[in-house]
Structures are given as structure tokens and as C-alpha cells.
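Colleague: At position 22 of the sequence shown (counting the first as 1) the number is 21 in this note's numbering, and the numbers step up by one without a gap.
No lab work stands behind these hints: they were computed from the structure. Please note that a few of the clues may not be correct.
[As the list claims (entries may be wrong)] Between beta-carbon pairs, the in silico distance windows are:
(1) D174 to T53: 19 to 29 Å
(2) L17 to D245: 15 to 25 Å
(3) A167 to T71: 22 to 32 Å
(4) S93 to A63: 24 to 34 Å
(5) S155 to G192: 37 to 47 Å
(6) E227 to L88: 39 to 49 Å
(7) Q160 to T53: 28 to 38 Å
(8) T53 to D77: 17 to 27 Å
(9) S32 to A202: 44 to 54 Å
Treat the numbers as computed from the prediction; the structure is a model and nothing was measured. A virtual CB, placed ideally from N, CA and C, is assigned to each residue, including glycine.
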Amino acid sequence: MLRTALKPRWILALIGALAISGVFVLLSQWQFSRSTSDSLPVVTTTETPQPLTTTLKPGATFPATAADQMVTARGHFDPARQVLVPNRLRDGASGWWVVTAFAVDGAPAVGADRTVVIPVARGWISDPVQAGPPPSGAVQLTGRLLPSEAPEPMKSPAPGQASMVSVAELINIWDSASYPGFVSSTHEVTTAGDQAAAAVGGALKPLDIAAQPPSAPVNWLNIFYAVEWVVFAGFAIFLWWRLVRDDYEREQEALAPVETGSAAHDPETNQRSETDQRSETGGTP
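With the sequences and hints as input, model every part of the structure.
Modeller: Right, dumping it as C-alpha cells:
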């Protein structure tokens, strides 16, 4: 079969099949790239501040749609309920987050608790001694709403500290009802109009937590077309191999009758056959 495949016409056919397969592979790659590039961008409203009391409910499960949402709330900080969370990086340096309980005005009661708080990560400090008290009085809070972190198991934080920004851990420390998430503060405005949020240049540095980029939806129809082009590329090579095999089998069938016929018309072979037949019947050879 190799001799048949090496015929000039089949070599040219192989080159053509490889060229067609290459085009099909390029079309497959193009379809894969189109599976996400032409999809419509995901519409998001996370950067438009929404009231905390309508975005999240205390004592309920944190909904995925509330993650990264900018929220606003009115209330006051409780300076007696403030902890430091260690091992937080900022610009490559390790430090602490200052997390303070914020009593939310207008929050629905949870059981007998009329005061409901939400943990607020107010900023980052490089040394625990830099942690100052939160602003006093009524505060208008703006920040990014984030889901609660999981507490570190088998770890007892030092007094005045928490292992993570975990609502489950903080409600045990603060002994207060809480929302199921926390807020990364961006603005804290007092009634006097003073902006008391962390600012560049002070000991308390802003966290600047950005929203997670939305995942691009996958266009499965384009992926299906991409797989189809790969199948077509393989079929082009298979078709060439099948045509070569059919040609080889036709050659073998054409040679078989010639060999049988030449043996039937060979006089010497026929004479030996007649002599053998007379010997078997008792005749004189």
C-alpha cells in the first residue's frame, strides 16, 4: 500500500488534504476566540451606591448578587467594639486592618436585639499602636459590601484582635446581632461635614478594594462550531487514506485473474496433469 501512496497523484492529493486540514484548524481557532470576544458585556450596577438596609438583611444568608455592591448607611461607630485583623498586605507590606462595629440606623431587629451592627474595615495600619478611635457621633457611611470571611480554625486571636473579618467570630467577640457581611469603608462623613475616612498621608491607609471583574459568558454555539472544524480536518486526512486504500485494493483485484489465467494456459502444466492422471488409473506413462 505504501507503493500506491507514493504515486505522484496521491502525493499531490495528500498535500491538498493537509492544506484543507490546516484551513479547518485555523477556522476552529477563530471560532474558539469568538466564543467570548463577541459576547455582550455584563451589565453591573455595583458602583452605584445602594442603601444597605435594602441591599442586605441581618440574620439572613449573604446573597451572591450583593457582593462588591457599593452601599450607604447612617448610624454610629461603637469604639468599644473594635478589633485588629493581622497579616493584611498593602503594597507588599504586612499590617493590620482596623475593623469597627457600625450600628446601622433603621436596621430590622434580629430577635430581641434592637441594635444591629455591621463590621466596617476602616483602613490599614502598619503598627497596632497606630489604631485610633473611630469618628464619634452620627456618621454617613459609604463603602463596598463584601461577604464574611471564614474564621481560621484552631486559632485563638490575641485580645483586641480577630483572626479574620468573620461575622461568626465577631458576633461572639462583640455579643451583638450583625449583618452577614462587612463593609470596606471609602467615606465616613460626620454631621459636621468632616470626612473621617482613611486618607493618604495619615496612619490609617485606605483599603481600596475594587470590584471583582465580571466573568465573560461563554458562547457554546461557537465552541460547537470549533469542534466541528476539527472533525472536518481529521475527515480530510481520512478521506485521502480511504481513496489510497481503494486504489490499492483495485490493483490487487486486477492482478488476481491474470495469475489464474496464465496457469490455466501453460502447456507444460497441462501435460504434467495428464501424465499424473494416467498414472493414477494404471496406464503406461
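Colleague: Of all the hints given earlier, name the ones this structure violates by number, lowest first.
Modeller: Hints that this structure does not satisfy do not exist here, as all of them hold.
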